[in-house]
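**Q** If you read the sequences in order, they're chains W and F.
Quick note: the first sequence, position 194, residue 481 per the working numbering, numbers continuous.
Quick note: the second sequence, position 405, residue 421 per the working numbering, numbers continuous.
If you are wondering where the hints come from, they were derived from the structure by calculation, not from laboratory data.
Each residue gets a CB set at the ideal place from its N, CA and C atoms; glycine is no exception.
Certain hints may be false.
As the list claims (entries may be wrong) - Pair by pair, the computed Cβ-Cβ distance ranges are:
#, chain 1, residue 1, chain 2, residue 2, range
1, W, Phe341, F, Gly345, 55 to 63 Å
2, F, Val211, W, Glu323, 46 to 54 Å
3, W, Lys354, F, Ala426, 35 to 43 Å
4, F, Asp413, W, Gln409, 30 to 38 Å
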Amino acid sequence: MKLGYIALALAAALPLQAADAIRLNSKPGSLKVRIEGTSNIHDWQVEGKLIGGFMEVGQNFPMEPGKAAEPGKADAKVEAFIPVRSLRSVEKDGSPYSTKMDDVMYEKMRVTEFDRVHFRLQEMVLKEASKAKDAPNVFDAKGEVVVAGVTNTITLPGDGQLKIVGSIGLKMTDFKMEPPAPAIAMGIIKTGDPVTVKFEWLVVQKKAAAPAK
Amino acid sequence: MNEQYSLDFNRRDFLRSGSLATLMTMLGGVELIAQTTNAPGGADKPKGPRVKVAVIGVGPWGREILNTLARLPQADVVAVCDTYAPMAKRGATAAPGSTAVADYKTILEDKNITAVIIATPTHLHKDIAVEALKAGKHVYCEAPLAHTLEDARAIAQAAKAAPGLVFQSGLQLRSDPQRHFMLPFIRSGALGKFVMARAQYHRKQSWRQTSSSPEREKAVNWRLDKEVSLGLAGEIGCHPIDQATWYFNGLPKAVTGFGGIILHQDGRTVPDTIQAVLEFGNGVNMIYDATLANSFDSEYEMLYGSDAAVMMRESKAWMFKEVDSPLLGWEVYAKKETFHKETGITLMAGASKSSPDTVKEPEPFTNTPLSFALGNFLRNASDFSIATKDFVDSFGDDADALKEHLSKLARQPAAGYAEGYRSAVIAIKTNEAIMGAKRVEIKPELYELT
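Construct the entire structure; sequences and hints are all you get.
**A** Next up, the structure:
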């Protein structure tokens, strides 16, 4: 399973921290993950509110709103994870759908062995620099979990925090996951292979502790 | 709802005998039944996370709980507790692999146990519930919460002060999918103008249990002692009365009661027959009567509206329409049953005249309101525990943010501390009215947790 490999790769990669990098930690409250998929009866969606992990950016990374990023590869490192059990099936409007479906999903994701989905950034390249104060820098990002190219939109709300908004197209079979076809009372439901993962992630720089007097 | 399953002739025996089906066929009504696709259990379905749980108090009702837990795949009963050793031992037999203990503090000290179910006599709930919450356990506390306002308030406040824990009051009808299926139907005005509510509980049984010693006999027959028991109104009536407050979306402003010891003149101080009228305002009242002296027509709940009446019974409901009521539309396609003096329409969600009759009587211990309530409790407890761990792993120990996160977590339907407290207030005041044969006002502020 791919997730297992990623967890190992993460452990090996941890010591690689640049001395002058700015570390931004995940901030609770406004995070959102949404996975959208299809089935033979209706479309389905899954939502979560937890993304853990951190982002590290170099000193030249644009932290102020409206500041254009330098062209080329961004000096950034991302290691993020989503606790699998924080993902819940929801109706289109976000209200809870079914704990039965949640359990089908957790089982397919082998939650007892891999209780998190990990993401590790490989490369982030500027696609479109910010042109106005409220305009985001748009990057193309490549990560370890997601094989296909990822388009990340980075908006800068200021105050030393970054909001990362993205959308990724994935296939369940790429992760050796057979699209679930749970047998329930209505008959056989078959889910489609492709899914879309959307996320909003807020990272914030930890305030340095006040020096002891 | 039925704390007396194991004591005497019970509701399911009544059902199995077929007399209920016959009776309903004779009466004429529209059947309203929820789908059961989301029902707990099922061999081929994922089992979900398991919860290590202990049951405190394993008398007849505690064993009913154990028998229900045995059929819930998410329940991992690791301990049973009873101060009376033979009861504890008997309880442990019903939950293979569990340990029998005499002191509930042993359970509270066990870090391995994440949730407790309290099924002791009502007057012994308070200390256990409050201490269990302090010990960081998720708590399911049987209804009524307590026999005094002080105890009920203490429990509810302890639960309110522990937002990281699940507290569920044993008002099991609030978790029943059938009742949830009925809610929008009733609230949408399909019954017309509310006229009144009525519920009954009729049994021919004494409630008295025999035991080996006079001390034990006194302890085990706590329900017959007016000093600690809220009687039929509290121990049984709390469920249908709470349901009426839920469906009406209102709370009684006053209650008048009557009661007497009519058949069982055995030294008890709690009436074996009661009647109560609860005033919901604007002339809408609920009439509740319960007796241990006559079993006719068992138990059911009624709601009367100007267009139709609804009868709820076990996991079924029927609608009886007035001849001048407007056509709702769907009843045309619903199944029809011939009743005593009229032809009624049988209704089920997801079923019509053309579909086969898939409705089965509930099997013992599964798909009962208690089973749904316990299943939802375990699911909520597990979700809370996992969400807390995930949150702390992701963001560290930020208590306020965690509280915020947990408050937004989707929960399976269940009565919380607020519903439990309000229900206890009504039970206590109803019992007060019955014991004094008088009208008792219930001030709105009494329902507030101060």
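**Q** Each hint should be assessed against the structure and marked as holding or not.
**A** Tested hints:
1. W/Phe341 - F/Gly345: 55 to 63 Å: 57 Å, holds
2. F/Val211 - W/Glu323: 46 to 54 Å: 47 Å, holds
3. W/Lys354 - F/Ala426: 35 to 43 Å: Since the Cβ atoms of lysine 354 of chain W and alanine 426 of chain F sit about 39 Å apart, the hinted range of 35 to 43 Å holds.
4. F/Asp413 - W/Gln409: 30 to 38 Å: Since the Cβ atoms of aspartate 413 of chain F and glutamine 409 of chain W sit about 32 Å apart, the hinted range of 30 to 38 Å holds.
Every hint from the earlier list agrees with this structure, and none is contradicted.
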